[in-house]
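Student: Chains A and B, in that order, are what the protein sequence lines are.
Going by my numbering, the first sequence opens with residue 2, and the numbers climb by one from there.
Going by my numbering, the second sequence opens with residue 22, and the numbers climb by one from there.
One or more hints might be untrue.
Calculated cross-link-like contacts (lysine-lysine; reagent style DSS-like; alpha-carbon spacing at most 27 Å) [stated by the list, open to error]:
| hint | chain 1 | residue 1 | chain 2 | residue 2 |
| --- | --- | --- | --- | --- |
| 1 | A | 137 | A | 115 |
| 2 | B | 36 | A | 345 |
| 3 | A | 97 | A | 160 |
| 4 | A | 321 | B | 74 |
| 5 | A | 365 | B | 48 |
Only some residues are given here: those of chain A computed to face chain B with a beta carbon under 10 Å [said to hold, decoys possible]:
| hint | residue |
| --- | --- |
| 6 | 192 |
| 7 | 240 |
| 8 | 292 |
| 9 | 373 |
| 10 | 377 |
| 11 | 396 |
No lab work stands behind these hints, which were simulated from the structure alone.
Don't be surprised by glycine CBs; every beta carbon is placed ideally from N, CA and C.
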Amino acid sequence: MPTKYLVVFAQSHSDFRIPELKSIAELHGFPLHLPDPCDPNRPFMVIELDQEEHARLLAKRCILIKSISEFYGQGDNYDQLHAAVRKNEALWEQYKQDTSFRFSVAAYNHSITKSRQREVMESFGYMEFLGRIDLKSPTIVLGCYEEYGDTRGKEFSNKVVDGQFRQVYFGRLIEEGSARALISRFDVKKRAYFGNTSMEAEISLLMANQCLARPGSLVYDPFMGTGSMAYPTSHFGSFVVGSDIDGRQMRGKGKQPTPGVLRAAAQYGTAHRIVDLLTFDVTRNPWRCGGLFDAIVTDPPYGVRAGAKRLGRRRSPTPKQLEAYLEHQAAPRPADQPYIPPTKPYELSELARDLVVLARYLLKPEGRLVFFLPTVNDEYEDVDIYTMLCEGMELIANSLQDFGSWGRRLVTIKKITSDIYPIPFSDNSGQSQSTAQHEPAHKDFREKYFQGFRKGSTSLYDGVVQ
Amino acid sequence: MVRLITHNLLSCHAKGCTTNNFPLQFKDAEIEHREADFNPEFIRGLLPKIEWKALVDTAKELGDTSLPYEQPEMMDDELLKTLHHVLLEMHVEEGQMICPNCNHVYPISNGIPNMLLAEHEIA
Chain A
2 MPTKYLVVFA QSHSDFRIPE LKSIAELHGF PLHLPDPCDP NRPFMVIELD
52 QEEHARLLAK RCILIKSISE FYGQGDNYDQ LHAAVRKNEA LWEQYKQDTS
102 FRFSVAAYNH SITKSRQREV MESFGYMEFL GRIDLKSPTI VLGCYEEYGD
152 TRGKEFSNKV VDGQFRQVYF GRLIEEGSAR ALISRFDVKK RAYFGNTSME
202 AEISLLMANQ CLARPGSLVY DPFMGTGSMA YPTSHFGSFV VGSDIDGRQM
252 RGKGKQPTPG VLRAAAQYGT AHRIVDLLTF DVTRNPWRCG GLFDAIVTDP
302 PYGVRAGAKR LGRRRSPTPK QLEAYLEHQA APRPADQPYI PPTKPYELSE
352 LARDLVVLAR YLLKPEGRLV FFLPTVNDEY EDVDIYTMLC EGMELIANSL
402 QDFGSWGRRL VTIKKITSDI YPIPFSDNSG QSQSTAQHEP AHKDFREKYF
452 QGFRKGSTSL YDGVVQ
Chain B
22 MVRLITHNLL SCHAKGCTTN NFPLQFKDAE IEHREADFNP EFIRGLLPKI
72 EWKALVDTAK ELGDTSLPYE QPEMMDDELL KTLHHVLLEM HVEEGQMICP
122 NCNHVYPISN GIPNMLLAEH EIA
């Protein structure tokens, strides 16, 4: 029979909470029942699980979980709460006799004075716990959480008043969220090798969870860069292959022979799981066959700090230029000056569509594509994402990290087909085979970013606040 | 790096090179052996994608003859361990990979192969 559990979330990335819960439940293969209606913006959520062990698994792996408790009751006020808790006596009467315990009283968006904390604890006197109170190592911890409304941007007179909470929850602590400690472990500033486009630790961990990183799975990052996604994914046991059109990002500067990505992975003890790093343009890739990877996880360059590039030239060369090029190409080259082919920009909406088609080819059935897509918040519509999909690829999560006028969406797409599809870019023209009628908000994102997201503005400086 | 698992999944992708473009041949390969965690499920999962003959031939070129010529139908633990060593623990750090068909040279430097195509090799 399912039991109710109270999830306390960390105060960040609320849009990512539910996708993460679902992903980790799927990873471990247990059912998860979410409340209906379900508001991911509130920091407390009562979910149903079949076993206490499942609650522990969630708390050990979900980056956004602070703790999970067995749920005893909730209410708009303490009278309601206590009535609910009394009704659930069957859940807690086993602890009455001689279980050592401790109370914890906390609040979201508010702090409760010591004296009122004591009042709250004493109001639970009817539970008649006879065991020893043990503050250091109790057998059970009973947690009471008051949830106050969000006060950001409100008038001073609307600030929270002690005791006037939105909801109060009570339960027995099962497990503190231990995955949050990984955020500090993977801190970019403490990493042996990183670049200015490295992804922050918390988000890269969330991406690793979205792609169901697990021992023995094979994960591919086609825009490897400085390897931000490889470290958390390999930490969870996946084998990672990375490619990039620019090998310098993976190697790093300096004379050290070991590539930067491997030096950073060595720091996390996962260098042996970075299978290989390769330099090539993913739109002209040398993969011999499809159906190779369990997941593709990537942060495509979207042009603010570094733009996406692909092989080719912006303009085709004149016959004279072409002749000069071929002559240059045929001439012997010193070993320390490798040939660097010309590249041209890769427009974001085209890249995104290509990525989905490529993922359908390269992923195993049930495999996941997880990537970030920056977009203009005012112009964004859900259809932007749906028009990116192709047959056999299904959207399973779309979470916004909001930066105000723009944001980036973590898109998770699952391959729901086991049909064999033709090799994308098989004509080797590098041209996109998909065309879209709809113009999504993320099209020409770079230009929009530098124009300050002002509609119809043409000058680079239009959007700058004077 | 380059490990034989990756090598077995790569073929030449230059313009017009579509037959006999696999496996790429190693030249002047400098090999390092590095231990990796043995994960039998991972190796088993890879097998359907591995071209056995190419793997055995390439391993032999690099001086490892531990794999049987014919792919055995049953995979015992011993064989999985041998495969694990060949696929994941042999790293080609320097050298070249050459296409048997068009002779395109993919140089390997510090374990990273450069598989970018030149302008005239793309359509």
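Student: Please go over all the hints and tell whether each is borne out by the structure.
Tutor: Going through the hints against the structure:
no.	hint	in the structure
1	137/A x 115/A	18 Å, holds
2	36/B x 345/A	19 Å, holds
3	97/A x 160/A	39 Å, violated
4	321/A x 74/B	46 Å, violated
5	365/A x 48/B	32 Å, violated
6	192	19 Å, violated
7	240	7 Å, holds
8	292	7 Å, holds
9	373	25 Å, violated
10	377	33 Å, violated
11	396	26 Å, violated
Consistency with the previously given hints fails for numbers 3, 4, 5, 6, 9, 10 and 11, ordered from lowest to highest.
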